[in-house]
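From these two lone chains plus the hints, build me the complex, please.
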Amino acid sequence: MNRLLLNKIILILSTLSAVIGISFLFWILATLSYKGITSIHWTTFTKDLVEGGIRNLLVGQFTMALMATVVAVPVGMMAGIYLREYGHGSKLASIIRNLSDVMMSAPSIVIGVFVYALLVDPFGGYNGLAGVVALAIMMIPIIISTTDNMLALVPTELREAGMALGGSKHKIILQIVVRAAKVGITTGILLSFARIIGETAPLLFTSANNQFFTMDLTGQFPSLTVSIYNLATYPDTVSRELAWAASFILTAIVLCINLVGRFVIRNKE
Amino acid sequence: MAKNNLVMELKDFSFTYAGAEKSSLKKINLPIEENKITAMIGPSGCGKSTLLRAMNRIHDLYPGNTYEGKINLYKEDGSKQNILELKKENDFIKLRQEVGMIFQKPTPFPMSIFDNVAYGLRLSGMKNKSELQGHVEEALKGAAIWEETKDRLNKSALGLSGGQQQRLCIARAVALKPRVLLFDEPTSALDPISTGAIEELIAEIKSEVSVVIVTHNMQQASRLSDYTAFMYLGDLAEFDKTDKIFLNPKEKLTEDYITGRFG
Chain A
9 MNRLLLNKII
19 LILSTLSAVI
29 GISFLFWILA
39 TLSYKGITSI
49 HWTTFTKDLV
59 EGGIRNLLVG
69 QFTMALMATV
79 VAVPVGMMAG
89 IYLREYGHGS
99 KLASIIRNLS
109 DVMMSAPSIV
119 IGVFVYALLV
129 DPFGGYNGLA
139 GVVALAIMMI
149 PIIISTTDNM
159 LALVPTELRE
169 AGMALGGSKH
179 KIILQIVVRA
189 AKVGITTGIL
199 LSFARIIGET
209 APLLFTSANN
219 QFFTMDLTGQ
229 FPSLTVSIYN
239 LATYPDTVSR
249 ELAWAASFIL
259 TAIVLCINLV
269 GRFVIRNKE
Chain B
2 MAKNNLVMEL
12 KDFSFTYAGA
22 EKSSLKKINL
32 PIEENKITAM
42 IGPSGCGKST
52 LLRAMNRIHD
62 LYPGNTYEGK
72 INLYKEDGSK
82 QNILELKKEN
92 DFIKLRQEVG
102 MIFQKPTPFP
112 MSIFDNVAYG
122 LRLSGMKNKS
132 ELQGHVEEAL
142 KGAAIWEETK
152 DRLNKSALGL
162 SGGQQQRLCI
172 ARAVALKPRV
182 LLFDEPTSAL
192 DPISTGAIEE
202 LIAEIKSEVS
212 VVIVTHNMQQ
222 ASRLSDYTAF
232 MYLGDLAEFD
242 KTDKIFLNPK
252 EKLTEDYITG
262 RFG
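For the record, the sequence lines run as chains A and B. FYI, the numbering for the first sequence is 9 to 277, going by this note's numbering. FYI, the numbering for the second sequence is 2 to 264, going by this note's numbering.
Chain B extracted, bound-state conformation (with noise of 0.2 Å):
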């Protein structure tokens, strides 16, 4: 099979949380761009987040959710994987250190600076000492928090500011070297300086790993994405290279969303 460039592909693709009558999300298609940056927006109570988190599956947590459709996952070797057929605690395991979360706020583990980082790493099977050493130390050097932490790998990461919390948890993520990468608003807990530096970060690391991001902040979406998908109501209203939305949309809606007539 030819390589194509898609690292993901959702098909028809719908959800129902448990005990709902209606479905939140509605035979969504959306193709995740390998290397790229894709955004999702759109009003609260779209299904931006729940589309984010099938991605991953983390919805798997609390049971009697409805998956309905194909979330296709490209494996590096061009061999494809539809996520909602897998079904063991392994197989989640596995797509989960494939397929990894950033969460709106940062989410340090009680632990010190490098466990925080090397957690991840352990849980895949690494034991030796030094490979996990190299291992933290690129992690962090990737994530640009290394110069503020080698000094302290040792202590606590709850010290770190909110700031400095996140960009560890972007570190610990990437460190298991993921195909993508999910973050749900990260920057929506944090300051302006910050919010910057998680911005050029998801910037830089989208040349290792490819990045979904749902947001709720219509500039960094402009800024920081290749493509951008506007959800309405549990449709996918529109989906298009991210200049095209912002300059050009092609719907109404997207239109009036984007210049902020609503929502």
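So here's chain A without its partners, still in its complex pose (with noise of 0.2 Å):
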């Protein structure tokens, strides 16, 4: 009897955690949505900053996203393929798999502060390139650590398999290891890019924002996160509508990028 009544117990208070945990996600996304969507006019895509639209802050997210992954996505890979291939059990393995576990936690304000100091400050000034190389920084270790343990899901016997049939190492890693694992790689890489995206830290004092479209990465970049954090802050209605309508732009981006992700995971499933 004692033993049904705490089953009982602990099934209740579990389910109550999930419902309060739940609950509050779905507020914030109803609040969103709700201030967001009323928010959002034909003019919000077509126009830049500075006339209340937010198209520049799109296009320069996104610029400075996407290179980041371009800059990212090889460095990271081959980092990866060298922990799990060639490193394997190395002491310089080890110390770099456990330095970008680090870096992985390290908070976004410290890179956009390291980035700041090695950027922007000699170079007299915020730039766009600034902001791509913090955001580069947060995804290389991700990337790292997704392929790294991608790489050590594929089975021993296809590489050894690989190698019976008169292959070289290079070869059987990009050709057969890491196609084995393409789909595990590439859902990482989305996710990481999702996660950039969002981010406003380092790009607060790095890239910086700029009102008008530009494409220009030695100036100021215009940067939808970094322009919600200031449309918040200002006192006008039309600044806070405007700062409701880019975080439901930015919550539905991520939301889209992290859905894609998870079907091609359960596509290969």
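Treat the hints as calculated values from the structure; they're not laboratory data. Please note that a few of the clues may not be correct.
[Claimed, not checked] Simulated restraints, written as ranges between beta carbons of each label pair:
no.	chain 1	residue 1	chain 2	residue 2	range
1	B	Ser157	A	Gly227	47 to 55 Å
2	A	Leu107	B	Lys142	50 to 58 Å
3	A	His178	B	Lys88	15 to 23 Å
4	A	Thr39	B	Ser157	42 to 50 Å
5	A	Glu165	B	Gln220	23 to 31 Å
6	B	Glu69	A	Leu107	36 to 44 Å
7	B	Ser45	A	Asp109	31 to 39 Å
8	A	Leu14	B	Gln220	47 to 55 Å
Being a predicted model, the structure only gives us computed values, none of them experimental. Note that the Cβ used here is the ideal one computed from N, Cα and C, for glycine as well.
Okay, structure coming up:
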């Protein structure tokens, strides 16, 4: 009897906790959707920030995130391949793996400060490239870790089978092992992209922000997240509404990328 | 030099894993006859897989192992080569094209059926498309899987059943026309029907390639092989014709093992 009672209590408690957690999430999403959708106009997408739209911000944010991805994916994947396939068991590999794990949990504002000291201060001002570098630094450890873990799931026999057919190590890795881990690695890249597209802190004092449309990465660069931060602190309703609209759009983007990532995984299974 | 009927010969071969104090294999002397099936049996941990994996030096994927003695590989022209002297990656590649290997679990690559079979051929430098197609078809026919796969050559090999995957792996290895094929418990992950198909296949390909097979299944060894090596604790306890080993073994230990008194 005691056992059954305890079972019920635990069941009720855990259900309650789940409901509380999820209801906060829905509260956020509901408020965001309500305020966001009512604040979106056609001109939100066609005009730049200076005229009350977010066109330049979207383009700027994606430009920086995509460029960071272009930098981080090859570096992260190669490092991951080194850790799993070449440096297996070596001291250097275990040091790199640990450092990479530490980097992954490093506060993003610290990365912002670091890049500020490295690429903003010495070059006389905020610039888009510094933003790209900051985002890439955030992304690399995530991709290293995903690649490392996904390659670990590839059975050893597959490597040996490739070798037994007369393959050289690098060919086996590139043509068989990475291909076998392709879905996992792709998903990891998508999820890390979703992570950096919504980052504010690394951009706050690297690329800063720009009200106008620009593709010049040597100057201040438009950013959606930094704009949300700025707009939300302004007293006027127009700015606040734009902040809501931008937040909603950003959330929708991140959600979509996450869904695509999950969809890819599910299809694989 | 007169051409003998050996394809491989192990002489006083010892093997020690990286970091291990004791040798896993001690002074093994074992002849592998051409176009015959040699089975290696013995209880778990006796070193039969270790021995098999030395014969195409797949051990060298992992650093630090030590070999002693000789493993001679006799080439088609009668010349011999001690494969323990190989050092360069290129030489290993050549060795493994001559001494192929099939694993316990089927190991199809994540690509189409055609590309799986063509993989080794492409590695060996074959580029001509029609030549590749010819060889792939021949190999799939040779591995008795052509009928099942000819309409889906461009589909992923991962969609095949376990038994089909294993035959595909054999086709992939046979396509390179190796001198020797090493089988490491090739049917222990398969059902009885697939096992039967694989055994039939192994019996057929021996006209073209010499086979060494490690098995836990003594019936399989007695059904399939011409010669049997019984290994025990890193030693080659007895080696003879399969009939002899199973009907009239010299060693008490061999008799005890094959009659199921231990192991």
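Here's how the hints hold up against the structure:
1. B:Ser157 / A:Gly227: 47 to 55 Å: 49 Å, holds
2. A:Leu107 / B:Lys142: 50 to 58 Å: 53 Å, holds
3. A:His178 / B:Lys88: 15 to 23 Å: This hint holds: roughly 18 Å between Cβ atoms.
4. A:Thr39 / B:Ser157: 42 to 50 Å: Distance hint for threonine 39 of chain A, serine 157 of chain B holds at roughly 46 Å.
5. A:Glu165 / B:Gln220: 23 to 31 Å: 25 Å, holds
6. B:Glu69 / A:Leu107: 36 to 44 Å: 41 Å, holds
7. B:Ser45 / A:Asp109: 31 to 39 Å: Between serine 45 of chain B and aspartate 109 of chain A, where Cβ atoms are some 37 Å apart, the hint holds.
8. A:Leu14 / B:Gln220: 47 to 55 Å: At 54 Å between Cβs, range holds.
The earlier numbered hints are all upheld by this structure, with none contradicted.
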